[in-house]
Amino acid sequence: MLTCYNNIPDVLTIRDEPRNRERHVMDASTLTRRALLKSGAAGAGIVAAPCIIRRAHAQDADLEPYTSAKIDWRQAAGEAITVAVIPASYFDNLIALASQFQALTGINVRFEKIPPAQIRQKSVIDLTSKTGTYATHAADPMYFALYGANKWVEPLDPLLQDASLTDKSWFKIDDIVPAWRSANTIEGKLLGMPYDGEVTLQVLRKDLYEAKGLKPADDLDKFVANAAAVHNPESRVWGAALRGVAGAGQNVYIYSSIFREFGGDWFKGGKLTVNGTEAEAALNWYVDVMRKYAPVAAQNWNWPDIADAFSQGTVAAYIDAHSSASVINNPDKSKVIGKISFARWPKGPSGKRITSIWNWGFPINGALPEKRKKATWLFIQWAASAETQARTAHRFAGPAKRSGVNRTSFWRDPDYIKVVSGFGDNFVEATLESLQSDTDVDWRPRVPQWPAVGDTIATAIQSALVGQASAKVALDDAQKRIEPMMRG
Amino acid sequence: MALLAPAFVVLMATTTFPLLYLIWTSAYRIDLAMPFTNGYIGFENYRNVIGDHRFWSSLVVSLIYTATTVLFQVVIGLAFAIFVLSIRRFQAIFRVVAILPVVLSPAVVGMVWRTFMLAPEFGVVDYLAISAGIGSRNWLGDPTLALISVVVIHTWQWTPFAFMVLLASLASLPEDIYEAARLDRANSWGRFTRITLPLLRPAIVMVVIMRTMVALTAFAAIFTVTGGGPGTATEILNLYAYRKSFTELSFGYGSALAVALLIVTVLVSALLFALRRAR
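Going down the list, the protein sequences come from chains U and X. Numbered according to the working numbering, the first sequence terminates at residue 488, and the numbering increases by one at each position without gaps. Numbered according to the working numbering, the second sequence terminates at residue 1279, and the numbering increases by one at each position without gaps.
Careful: at least some of the hints might be erroneous.
[Stated by the list, open to error] With the C-beta cut set under 7 Å, the calculated list includes, among others, these residues of chain X facing chain U: (1) Ala-1033; (2) Pro-1035; (3) Pro-1120; (4) Val-1124; (5) Leu-1140; (6) Phe-1246.
Read the hints as simulated data drawn from the structure, not as lab findings. Cβ coordinates follow ideal geometry from the N, Cα and C atoms, glycine included.
In isolation and in its complexed conformation, chain X is listed as follows:
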């Protein structure tokens, strides 16, 4: 026990204390622009959050962002994993190439996409779009396209994670079941839906849970690519809380938004864990 104490203290100091401090802050009005109004206000920040339509719209953006990125990551990651497992040569190269986006910092990824890929007239994506006859598009300037762009960027960066996990699980599936299925003349779609998916279910659920928690709290890539813009089209809840705290300098209200995000994340995760146990 005594040996654990230092680690325990460090953990408390770096995780639990800031969290409690955040909750405590959220019960105060701390507005640097009007210091004379500061003080304890109980749940008023939360009442304001409920009535703040920008909170709801950023929550909706967060949920859309999370649902689409996680779905794409799992579907594309699984497809890639099955493909890579089926080829005999160059598997190792695929694995190395696939892991590259994951090791990049999201802020760097954001900058690269913003300047090299998506810039109208100059970016790679825009060049491809023009060549394909779609024409030049303002990828980050149009509200819908901007949301699609940030979803694509997140998916691009984190699909390899799903890919690696699912590839490892796929490789460990017992071969004899497939042989039995082949003898029973199950076609490949049947083998996929009746054998592969059920056996992979624990791995898929784990990927979904982990990626959901990360997507709900995503920040750096969107911050560097669009800053929540144009307007508020890509303003996820995390970004709104940041803006309230550090741009508008309303730390109390910003903390309340951060706590709201925490509650949403915990609820969604609890739901997913419950689903995992359900069957």
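Chain U extracted, bound-state conformation:
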């Protein structure tokens, strides 16, 4: 748990003030424990300094683009809200602008960084205990069904319709990626506003593919054939890698696309179904790729591990979030910059390409008092607005530019395209086409029982991957476990 105000690691994430960073890091490391205890307040002051500096220099920032909205931004002035986010550059960029929000609205916003593995549990515990600790948090779209079933969060539509709270023509909700909005919509109600999201793409080593005369795969069979062609473990190049580690947001994240591409239907005859011939075929395809062409270690890898291996040149292709492009283009770590190309998902036997519709959305905690709900909505409106999206992306001062912006129109904005096209060949085209044509709201089954269902599917996939059970046995067992969960 990191907060902007009292934690040393946050100092390290500040990108736009290198000189300050060095000084404060030194201060922090020379502080002994005793000194810190003796002069608690002074110590905290030193560590908090970057936040103050940031606030000061943001004060002058131009607020005109916001004040042109026909609402009273200061109607909830004096409120204080806490926002839980994950430690990631796309949220760091937002945190860097928090002072602008405070200057605009008079609302005090405090950020708490919680690693992705814990943020779901922490927010669920906060919501279920109705303490209202987090006014809003970065939410997993798969959890909105659960939130909705328990009425833990406020539907956002009434706030969007309220002219005193939202200037519709300024906010332009229709510009926010439709697939992400539908991912966050339960029974017709939008429960979370997408802030940052992703599509899944093929990420390829252009040079290795060209050396063998290969084109990006158009279907899943070709993807395997390509992997086989470039696979050469003796010289430490593996053909392909997919997420292997078990988890509803890890191996299931990739498997779900394959399952849908093989024609799988999560709700066969109205009943949640995870087994059957399509599921077996999909799982066998996944196991086959992973066993034959991925490093053995990839069975425990999540996407950052895959991106690291790709950066080191040991993996020739992977399918994962387009936002991993910033990792494999990091000049400090990557040896493959300039050798990267992108392509849409290969087609499955059903003829469909199915991308992830993952996004981090902001819901409003239903346990808040009315005025604080308004303050939270103003924050969400600010964070999701085109202006803030631009200021945290191509117009951000630091080196980490976001590629997961929530606005479709940016993908036609020359300024934005200029920044993100540097990630590699075909990046812009592949991302935009995926956003427009390959999204599928039933990518993963959106049910309140998802935490349990997803975990069960994850275990089944991994059992099959490591050879603990065949695909059929693993999936049939998962189905047997899932049925009582759905019956209630």
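Using the hints provided, position chain X relative to the given structure of chain U.
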């Protein structure tokens, strides 16, 4: 009595109350995914536990994990203690080095083993295996190897505890009995089995009891190393209860599993204490 009251209240509030609350919770259905089904259900969670084959398989994993780690800790710890006692120099260094793993957090130990030691192609253990001609192995990806790996990690971390306790006991054994045995021409194996082991018995039993209770309720290291995987190969009962409660959000059923773990731990400890008194 009045002076004891604050401490007593704090103790009740932090230990007894949560325990009673856990038992109370286990009699309810508390399922966040389906709030409309929640309510008092008596012993139904326990009936479901009995019929849940994943409960039994995780209990088996727990028992294997406990039995092997405790056995290794005692055997290796005792061997080390005898060895260290027999050398004249560097004893102090050995003691300091030996205590290091114990002071580390199990979660940190798990992370270190997972990333630096056991990662295929990149880890130290895998490098040694390749050098030794065994070849690269997926230490945490193969069901059997993963279980062996978590047993090794726990043993690595906690053997020093057994070592320290047994070393202290060994050092206090009376020298004259050994002298008498030598005069009677007892060989070293005879001296070990007839004198050392019987005299060390109370210490060994104490180590076994303490380590068993900890191993049965182990969590952090396995959680960070394998998360119970691959599949359910290293899913000990504690981890299953955690997953039910906090991943699947079925708090009632998770509580019932935790109570089941409590019962198992109490039964095993009672058995060990009974054995201790038996002779």
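Results of checking the hints against the structure:
| no. | hint | verdict |
| --- | --- | --- |
| 1 | Ala-1033 | holds (4 Å) |
| 2 | Pro-1035 | holds (5 Å) |
| 3 | Pro-1120 | holds (4 Å) |
| 4 | Val-1124 | violated (14 Å) |
| 5 | Leu-1140 | holds (6 Å) |
| 6 | Phe-1246 | holds (5 Å) |
The structure fails hint 4 only (numbered hints given earlier).
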